[in-house]
Amino acid sequence: MKHQDVPVLQDEPLMRKLPRRAFLRYAGLGSAGITALMLAASCHKDHNNSPAAEEVNLGSGDVGILNYAYALEQLEAAFYTQVVQTPYSGITDMELSFFTDIRDHEIAHREFFKAALSTHAIASLQFDFSSINFSSRSSVIATAKAFEDLGVSAYNGAGVYLQTPDYLTLAGKIVSVEARHAAYLRELVMTDTFVDTDVVDSNGLDLSRKPSEVLVIASTYIKTKINASGLPQ
Amino acid sequence: MNMYRIFRAIEEIDPEVYERINTRREAMKEFAHVGKKLSLAALPLALGALLNKAYGQSNTSASVVDILNYALTLEYLEASFYSMGAAQGSALIPNSNDLTAIQKISADESAHVNFLKAVIPQLGGTPVNKPNFDFTANGTFPDVFSNYQTFLAVAQAFEDTGVRAYKGQAANVMSNSTVLQAALNIHSVEARHASKIRLMRRVNGFSNSVKPWITGNDTGGIGAVVQPVYAGEENTVQAGVQITGIGGLSISASAASEAFDEPLDMQSVLAIASQFIKS
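These protein sequence lines map, in sequence, to chains A and B. Going by numbering that gives the first Met the number 0, the residue at position 223 of the first sequence is 222; the numbering climbs one at a time, nothing skipped. Going by numbering that gives the first Met the number 0, the residue at position 214 of the second sequence is 213; the numbering climbs one at a time, nothing skipped.
I should point out that these hints are in silico values taken from the structure, not numbers from a laboratory. No experiment lies behind these values; they were computed from the predicted model shown. Where is the CB? At the ideal position from N, CA and C, for every residue including glycine. Heads up, some of the hints might be wrong.
[Stated by the list, open to error] Reference excerpt, derived from the structure (chain A facing chain B, CB under 7 Å, subset only):
hint	residue
1	60
2	87
3	89
4	155
5	158
6	167
7	168
8	174
9	176
10	187
11	191
12	202
13	203
14	227
15	231
[What the hints assert, rightly or not] Computed footprint of chain B on chain A; a stretch qualifies when at least three of its residues, placed anywhere within it, have a C-beta under 8 Å from a C-beta of chain B:
hint	stretch
16	107-119
17	135-144
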């Protein structure tokens with residue numbers, strides 16, 4: 000254990016930062032009203048009904064982060080939809096069953112963000128999967144593994160930018176499912192690689208990536224141009 | 000945990016706090032009374048109950064240090080468990096690939112313990128001591144270190160609980176982005192562990208239905224003894240949005256519940272963990 004790797008932390012007791020009214024609200028607020036909060040959070044134009052766009056703007060603040068997540072979920076859902084539609088040769092029953100589960104999870108995530116963002120949601124993205132050989136097991140599982148690890152690092156990196164506690168919890172509900180996917184897919188590629196050093200550091204902490212790093216990697220597969228200028232860089 | 004400091008802080012923010020309970024004296028008396036009967040590890044539970052009375056929601060005022068000590072307690076539990084399991088070697092874990100996996104998880108959990116022990120003093124806190132554990136849970140799992148099936152069942156319960164515990168506290172450490180970042184980065188590692196343990200149970204034939212993800216509130220064939228770990232995981236409504244059949248698509252209730260892991264509050268997590276804590 001290398002203690003010098005541990006960052007210096009500042010003591011910020013939760014309550015000292017909160018005025019009384021905020022504290023009472025924080026103490027009493029459940030998850031109710033979250034959709035209303037989402038609606039009030041931004042005032043971007045409605046791109047929701049156009050099937051595809053030349054460029055999408057993620058927006059800023061919490062809406063920007065949620066649109067960023069929505070974009071990544073669109074990518075994953077489209078990929079797994081293709082995987083299940085045209086299974087690679089030699090796929091086992093358990094693999095097909097688990098890939099079908101994963102597809103449904105990613106579709107659920109995508110549709111959730113679309114519904115929750117409502118009029119603030121970006122349009123549907125267009126994808127380019129020409130670099131993936133869907134009939135090859137190794138191509139599919141390597142890509143799936145990369146997408147899942149990317150998703151985990153993306154959520155881990157974006158969580159600290161969220162201002163609304165309920166959104167943070169929601170992102171948490173999704174990222175652990177992505178991590179479950181990631182570990183399973185890493186095990187498909189090679190056994191006992193579920194926490195290898197390319198994803199987990201010597202403190203036992205998972206990787207985080209900034210939105211700019213994630214979008215560069217994802218852009219290989221996304222045809223639609225994504226404007227992320229409103230996001231923390 | 001300095002209770003007076005916590006009470007003072009609450010008073011500063013909300014001078015009428017004791018009208019919500021009774022009087023300050025009553026509150027202190029009540030707490031001292033409860034505190035005498037409880038171990039240190041259970042104090043957050045008692046505090047949570049008191050605040051619950053005042054504000055109708057638990058855990059609202061646990062400080063970042065308290066939350067990190069809570070995390071440390073859970074990491075001690077996991078680290079000790081895997082360390083003892085791995086020490087049994089092939090006598091417990093016949094498959095060498097599985098033994099490697101358990102050793103890797105053991106190393107991660109020990110790293111989490113060391114990390115938290117290093118972080119807590121930087122926030123002015125004192126790391127809690129390692130509790131004494133009873134991994135048989137008072138005889139519920141008598142063969143936990145001699146029967147691989149039992150060992151993996153307990154491991155699954157610990158990992159799935161750990162994921163829920165970190166998730167449940169993320170919003171409570173938002174005031175310190177460095178702590179939040181670390182908590183998120185541990186949280187997803189626990190989920191990787193959970194996935195691998197569940198896959199190992201499936202591949203070893205200990206359950207013919209368990210998957211790397213949690214379906215409904217299903218225990219994955221372990222049974223009622225770990226049911227509290229999965230309470231609420233069957234949720235299919237997120238932020239008011241029904242996920243089953245969302246967008247007119249054929250998303251089943253099972254898939255809808257699997258797609259979102261649910262948080263668990265400190266009280267419920269400690270109730271699970273305390274079954275394995277002697278003192």
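Hints, verified against the model:
no. : hint    : in the structure
1   : 60      : violated (15 Å)
2   : 87      : violated (19 Å)
3   : 89      : violated (18 Å)
4   : 155     : holds (5 Å)
5   : 158     : holds (5 Å)
6   : 167     : holds (5 Å)
7   : 168     : holds (5 Å)
8   : 174     : holds (6 Å)
9   : 176     : holds (6 Å)
10  : 187     : violated (10 Å)
11  : 191     : holds (5 Å)
12  : 202     : holds (5 Å)
13  : 203     : holds (3 Å)
14  : 227     : violated (20 Å)
15  : 231     : violated (11 Å)
16  : 107-119 : holds (count 7)
17  : 135-144 : violated (count 0)
Hint compliance for this structure: hints 1, 2, 3, 10, 14, 15, 17 are not met, and every other hint is.
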